[in-house]
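Note that the protein sequences, when read in sequence, are chains W and S. Per the numbering used here: the first sequence = residues 33 to 410. Per the numbering used here: the second sequence = residues 12 to 532.
Check each hint, because a few of them may be wrong.
[Unchecked claim] Covered by chain S, according to a simulated footprint, are these stretches of chain W (three or more residues, beta-carbon under 8 angstroms):
| no. | segment |
| --- | --- |
| 1 | 193-202 |
| 2 | 243-251 |
| 3 | 255-269 |
| 4 | 283-292 |
| 5 | 361-373 |
| 6 | 385-399 |
[As the list claims (entries may be wrong)] Label-pair distances were calculated between CB atoms; the ranges are:
| no. | chain 1 | residue 1 | chain 2 | residue 2 | range |
| --- | --- | --- | --- | --- | --- |
| 7 | W | Pro187 | S | Val441 | 37 to 47 angstroms |
| 8 | S | Asp319 | W | Ser71 | 41 to 51 angstroms |
| 9 | W | Pro386 | S | Pro177 | 28 to 38 angstroms |
| 10 | W | Pro173 | S | Arg232 | 19 to 29 angstroms |
| 11 | S | Arg174 | W | Ala101 | 54 to 64 angstroms |
| 12 | W | Asp104 | S | Leu468 | 49 to 59 angstroms |
| 13 | S | Glu291 | W | Pro386 | 27 to 37 angstroms |
| 14 | W | Lys290 | S | Leu468 | 28 to 38 angstroms |
| 15 | W | Gly174 | S | Ala396 | 19 to 29 angstroms |
| 16 | W | Pro197 | S | Val441 | 32 to 42 angstroms |
| 17 | W | Pro386 | S | Ser442 | 33 to 43 angstroms |
| 18 | S | Leu468 | W | Asp217 | 33 to 43 angstroms |
[Unchecked claim] Part of the chain S face toward chain W, derived, beta carbon under 7 angstroms:
| no. | residue |
| --- | --- |
| 19 | Pro22 |
| 20 | Leu25 |
| 21 | Glu27 |
None of these hints come from the bench; they were simulated from the model. Beta carbons are placed, not taken as given, at the ideal position from N, Cα and C, and that holds for glycine.
Residue strings, one per chain:
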Amino acid sequence: MSEAERARANFERFARGEPIAVEVGEIERELGSLWQQASQAGGSVVSRAVLWNLVVPTRGQAGLEKTKALCDALAPVVPVRAIALCIDDASGGSALTATIDSNVVSQPGGGRVVCCEEISLVGPPGTEAHFGAIVRALQVPGVRTATLWMDAAMPSALLARELLPATRRLIVDTASCGRPIQLRDLEALATRAYPRPVADLGWLRLESFRLLFAGLFDPPVGGGPLRHASRLTVRYRAGGDVSALLAVAWLGLLLDWKPTRAAETSDGGLRFDFERDDQGQVQAFLSPSGAACDRSAILAIELVNGRDEYAVIRTAVDQAEVRLPIAPPRTVKLDAASDAELVVAALGPRGRDPLFARSLTYAARLWSLEPRSAGSRR
Amino acid sequence: MEPRAPAPTLPNPLREGLVAERIPEPATMVIFGASGDLARRKLLPALYSLTRDRLLPSRFAVLGFGRQAIDDEAFREEMRRGCEEFARRRPLDAATWSGFARNLFYQQGAYDDPAAFQRLSARLAEIEQALGLPGNRVFYLSTPPSTFAPVIRSLGQARLAPRPEPGKPFARVIIEKPFGIDLETARALNHQVHEILDERQIYRIDHYLGKETVQNLLVFRFANGIFEPLWNNHFIDHVQITGAETVGVEGRGGYFEQAGILRDMVQNHLLQVLSLAAMEPPVTFEADGVRDEKLKVLKALRHIPSSDFDRQVIRAQYAAGSIGGRAVPAYRSEPGVDAHSTTETYVALKIFIDSWRWAGVPFYLRSGKRLPKRATEIAIHFKEAPHLLFGRRAETIRPNVLSIRIQPDEGIALNFGSKLPGPAMEVAPVSMEFRYGTSFGVEPPEAYERLLLDCLLGDGTLFTRADEVEASWTWVSRIHKRWAEETAAGDTNLPTYPAGTWGPEEADRMLAADGRAWRLP
Numbered sequence: 033m034s035e036a037e038r039a040r041a042n043f044e045r046f047a048r049g050e051p052i053a054v055e056v057g058e059i060e061r062e063l064g065s066l067w068q069q070a071s072q073a074g075g076s077v078v079s080r081a082v083l084w085n086l087v088v089p090t091r092g093q094a095g096l097e098k099t100k101a102l103c104d105a106l107a108p109v110v111p112v113r114a115i116a117l118c119i120d121d122a123s124g125g126s127a128l129t130a131t132i133d134s135n136v137v138s139q140p141g142g143g144r145v146v147c148c149e150e151i152s153l154v155g156p157p158g159t160e161a162h163f164g165a166i167v168r169a170l171q172v173p174g175v176r177t178a179t180l181w182m183d184a185a186m187p188s189a190l191l192a193r194e195l196l197p198a199t200r201r202l203i204v205d206t207a208s209c210g211r212p213i214q215l216r217d218l219e220a221l222a223t224r225a226y227p228r229p230v231a232d233l234g235w236l237r238l239e240s241f242r243l244l245f246a247g248l249f250d251p252p253v254g255g256g257p258l259r260h261a262s263r264l265t266v267r268y269r270a271g272g273d274v275s276a277l278l279a280v281a282w283l284g285l286l287l288d289w290k291p292t293r294a295a296e297t298s299d300g301g302l303r304f305d306f307e308r309d310d311q312g313q314v315q316a317f318l319s320p321s322g323a324a325c326d327r328s329a330i331l332a333i334e335l336v337n338g339r340d341e342y343a344v345i346r347t348a349v350d351q352a353e354v355r356l357p358i359a360p361p362r363t364v365k366l367d368a369a370s371d372a373e374l375v376v377a378a379l380g381p382r383g384r385d386p387l388f389a390r391s392l393t394y395a396a397r398l399w400s401l402e403p404r405s406a407g408s409r410r
Numbered sequence: 012m013e014p015r016a017p018a019p020t021l022p023n024p025l026r027e028g029l030v031a032e033r034i035p036e037p038a039t040m041v042i043f044g045a046s047g048d049l050a051r052r053k054l055l056p057a058l059y060s061l062t063r064d065r066l067l068p069s070r071f072a073v074l075g076f077g078r079q080a081i082d083d084e085a086f087r088e089e090m091r092r093g094c095e096e097f098a099r100r101r102p103l104d105a106a107t108w109s110g111f112a113r114n115l116f117y118q119q120g121a122y123d124d125p126a127a128f129q130r131l132s133a134r135l136a137e138i139e140q141a142l143g144l145p146g147n148r149v150f151y152l153s154t155p156p157s158t159f160a161p162v163i164r165s166l167g168q169a170r171l172a173p174r175p176e177p178g179k180p181f182a183r184v185i186i187e188k189p190f191g192i193d194l195e196t197a198r199a200l201n202h203q204v205h206e207i208l209d210e211r212q213i214y215r216i217d218h219y220l221g222k223e224t225v226q227n228l229l230v231f232r233f234a235n236g237i238f239e240p241l242w243n244n245h246f247i248d249h250v251q252i253t254g255a256e257t258v259g260v261e262g263r264g265g266y267f268e269q270a271g272i273l274r275d276m277v278q279n280h281l282l283q284v285l286s287l288a289a290m291e292p293p294v295t296f297e298a299d300g301v302r303d304e305k306l307k308v309l310k311a312l313r314h315i316p317s318s319d320f321d322r323q324v325i326r327a328q329y330a331a332g333s334i335g336g337r338a339v340p341a342y343r344s345e346p347g348v349d350a351h352s353t354t355e356t357y358v359a360l361k362i363f364i365d366s367w368r369w370a371g372v373p374f375y376l377r378s379g380k381r382l383p384k385r386a387t388e389i390a391i392h393f394k395e396a397p398h399l400l401f402g403r404r405a406e407t408i409r410p411n412v413l414s415i416r417i418q419p420d421e422g423i424a425l426n427f428g429s430k431l432p433g434p435a436m437e438v439a440p441v442s443m444e445f446r447y448g449t450s451f452g453v454e455p456p457e458a459y460e461r462l463l464l465d466c467l468l469g470d471g472t473l474f475t476r477a478d479e480v481e482a483s484w485t486w487v488s489r490i491h492k493r494w495a496e497e498t499a500a501g502d503t504n505l506p507t508y509p510a511g512t513w514g515p516e517e518a519d520r521m522l523a524a525d526g527r528a529w530r531l532p
């Protein structure tokens, strides 16, 4: 195949969004050349758009495929230059390989397009030493860089040493924490990342429930009943301990509850005792269940104040019942967002929520109270 | 029944950090003209979308009031169809709709019947009692302008809209345009309204101000360091503001005959847009801070002298032509339109603002029906570079234009010259664009959503104040007066433009005389 034929074939594959293998040192030049061909072929100017450099470290081919699917879903909403960094234990060679592919989004009517690109770098263990330098070279200048750190199998030194210095926003997912003890690792990570905002997809998944529960205390009810809360119950899907802890931490933090004691409960859950700022006592129960749920893992938040109950209880995967003493119960929609939608939110203002970092610290503090009993989930 | 005073409530600490940190207090919205098109196409869909986005309080009711004799169920069904067709948040979510619809009610009555308002009062009290609502009320006048004063008088007589008092439930009134048909009627209406209501209770709605790009104009100007220093007569050559519609009178010939495009579009929408584009930075971003600055612009609009009237004001009517591939009739052949009508369907204006910032900078405004496409935009034309280095190639260098697209395709574009690749020093214009759709990937909320929410929150920033209305009518009424004199003198020959074109030649000549041309939006 001649050079011209090869270039033509590459362009056709690029225009279809298929990956094209390129030399690692030639990525930028190849991309420039392919976009230029796209402009000439289309007869009109092609707009390459990028609002973020998005770095996504991952491990293994399955992780890479998942990352690419996520980037494809992001492209119509937020044009990013996605840089996937994959350590592939099954990789045969010893060097890094690179592919590039396009994401072209047509507007209705087909008149205008926004184009962005994905760059994938794959190599065997050890090649991650090169990732930092490559990312620095591939960052689109003047555009912020976010790192999506969701694969617990990635070496944390890569993030700490190589990627964090280039990162303006760190995105994590507490739902991928298999055990609550990892909250402390995350807290350490957030501390290290400071002052960069840390966004958590798990925290954003909680937002639907937080909004509904907070809404119970809008006027005319107001925050009064929260001041004298005596019992809190968070029901969650078994395995979603981290989400449940974050939900309790959110309330404890905003209501200024001081955690004093933790104990395991007979249903396999946890009980925390708190002291309110008026020295009153609050008991909080984290209660696991086998009921169906979305990835937020929260099934219900119930708060008791004397004889009154304020609750948001999931009645279906996408519905909840809202209960408060002064009105009949009502059914409301529970929003569920895809991971791509959550990443979009994390790249926006919702990804700068300082309450997450404070809640994470509080949740880690709660976990440190947990009794060291047999069968502990540590 | 007197509304119950709500018990004082403590702030809700759990709102910290959530998307909506402020949620309106529980309230009832009474929509007068509830069986009309606006309620079905805009108001209820906006309220539904706000509910879906959890921006309304959990306890919120809508009571429709209209002449049509229908019951609650029929009203709910009609509004469901409207929401299904027009709500931004579609398809309807069954659970959300069910909760929303449960609190929709309807009351039949005439706008000038005191007994109907007594029944309305009783029904409101009954609904508020049943739903535990504290008596906060918003009255939306989606009715013909002739009913504004009678409805507000009736609200006063039925004690439904008491003046604001600390610790008491609120009563607010939203009034649709047109607010008067000239200066005298606007003043009279303001006077009648103020007999019953405090100005703080009145929300004169201009849906253009609820559009995202119009609000972004303030952010663009005052949150970016690089534009505001250029925003004056040292750097800006002229400004063009266009409000173009493809539609004709759409069966409202009778109404439009009385209104004309100057009343229908310019007095409210375009002068509001102009005032936001031209105003000085407000001291605060609070309602009166912004409105004070807009008012200064409206008061600084130079009255057009008689000697320059024909050079600065062009009116015209559309003749038969073609829009969207189909033939359309001339304005004078539209149903409900006088065959010898002198009502303008197009107007182009050359306006000066007498201020230090804008001295010598013309603002060209144009608005028309049956133009080739629907587009509303502000185009800031900057002055040419003071010295052109590129010899004959300079002919291709055009002054920079910053265009702010209000609808459709909301966004901002900056045109500038760029060197063409190659050995020669050739210059070509290029465009740098920002579009809401592609940059943020979200559909901006409907203007009515933002405005209804703001009213419920008591924020009047995006509503028009009485003195603004009177200032704009003061300026516009002089043009109407001159036209009336011309008609009385037998001058009834308006220029025409074929439907589907960008207006009459006279409008092009107005700019050509200044060495300029209309920009194609």
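Going through the hints against the structure:
1. 193-202: violated (count 0)
2. 243-251: holds (count 9)
3. 255-269: holds (count 4)
4. 283-292: holds (count 3)
5. 361-373: Holds, because 4 residues of the segment 361-373 of chain W bring their Cβ atoms closer than 8 angstroms to Cβ atoms of chain S.
6. 385-399: holds (count 3)
7. Pro187(W) / Val441(S): 37 to 47 angstroms: This hint holds: roughly 45 angstroms between Cβ atoms.
8. Asp319(S) / Ser71(W): 41 to 51 angstroms: 48 angstroms, holds
9. Pro386(W) / Pro177(S): 28 to 38 angstroms: 34 angstroms, holds
10. Pro173(W) / Arg232(S): 19 to 29 angstroms: 27 angstroms Cβ-Cβ, so the 19 to 29 angstroms window holds.
11. Arg174(S) / Ala101(W): 54 to 64 angstroms: 60 angstroms, holds
12. Asp104(W) / Leu468(S): 49 to 59 angstroms: Violated, since Asp104(W) and Leu468(S) (Cβ atoms, about 39 angstroms apart) do not stay within the stated range.
13. Glu291(S) / Pro386(W): 27 to 37 angstroms: 34 angstroms, holds
14. Lys290(W) / Leu468(S): 28 to 38 angstroms: 35 angstroms, holds
15. Gly174(W) / Ala396(S): 19 to 29 angstroms: The hint (19 to 29 angstroms, Cβ to Cβ) holds, given that Gly174(W) and Ala396(S) are roughly 25 angstroms apart.
16. Pro197(W) / Val441(S): 32 to 42 angstroms: 35 angstroms, holds
17. Pro386(W) / Ser442(S): 33 to 43 angstroms: 38 angstroms, holds
18. Leu468(S) / Asp217(W): 33 to 43 angstroms: 42 angstroms, holds
19. Pro22: 5 angstroms, holds
20. Leu25: 4 angstroms, holds
21. Glu27: 6 angstroms, holds
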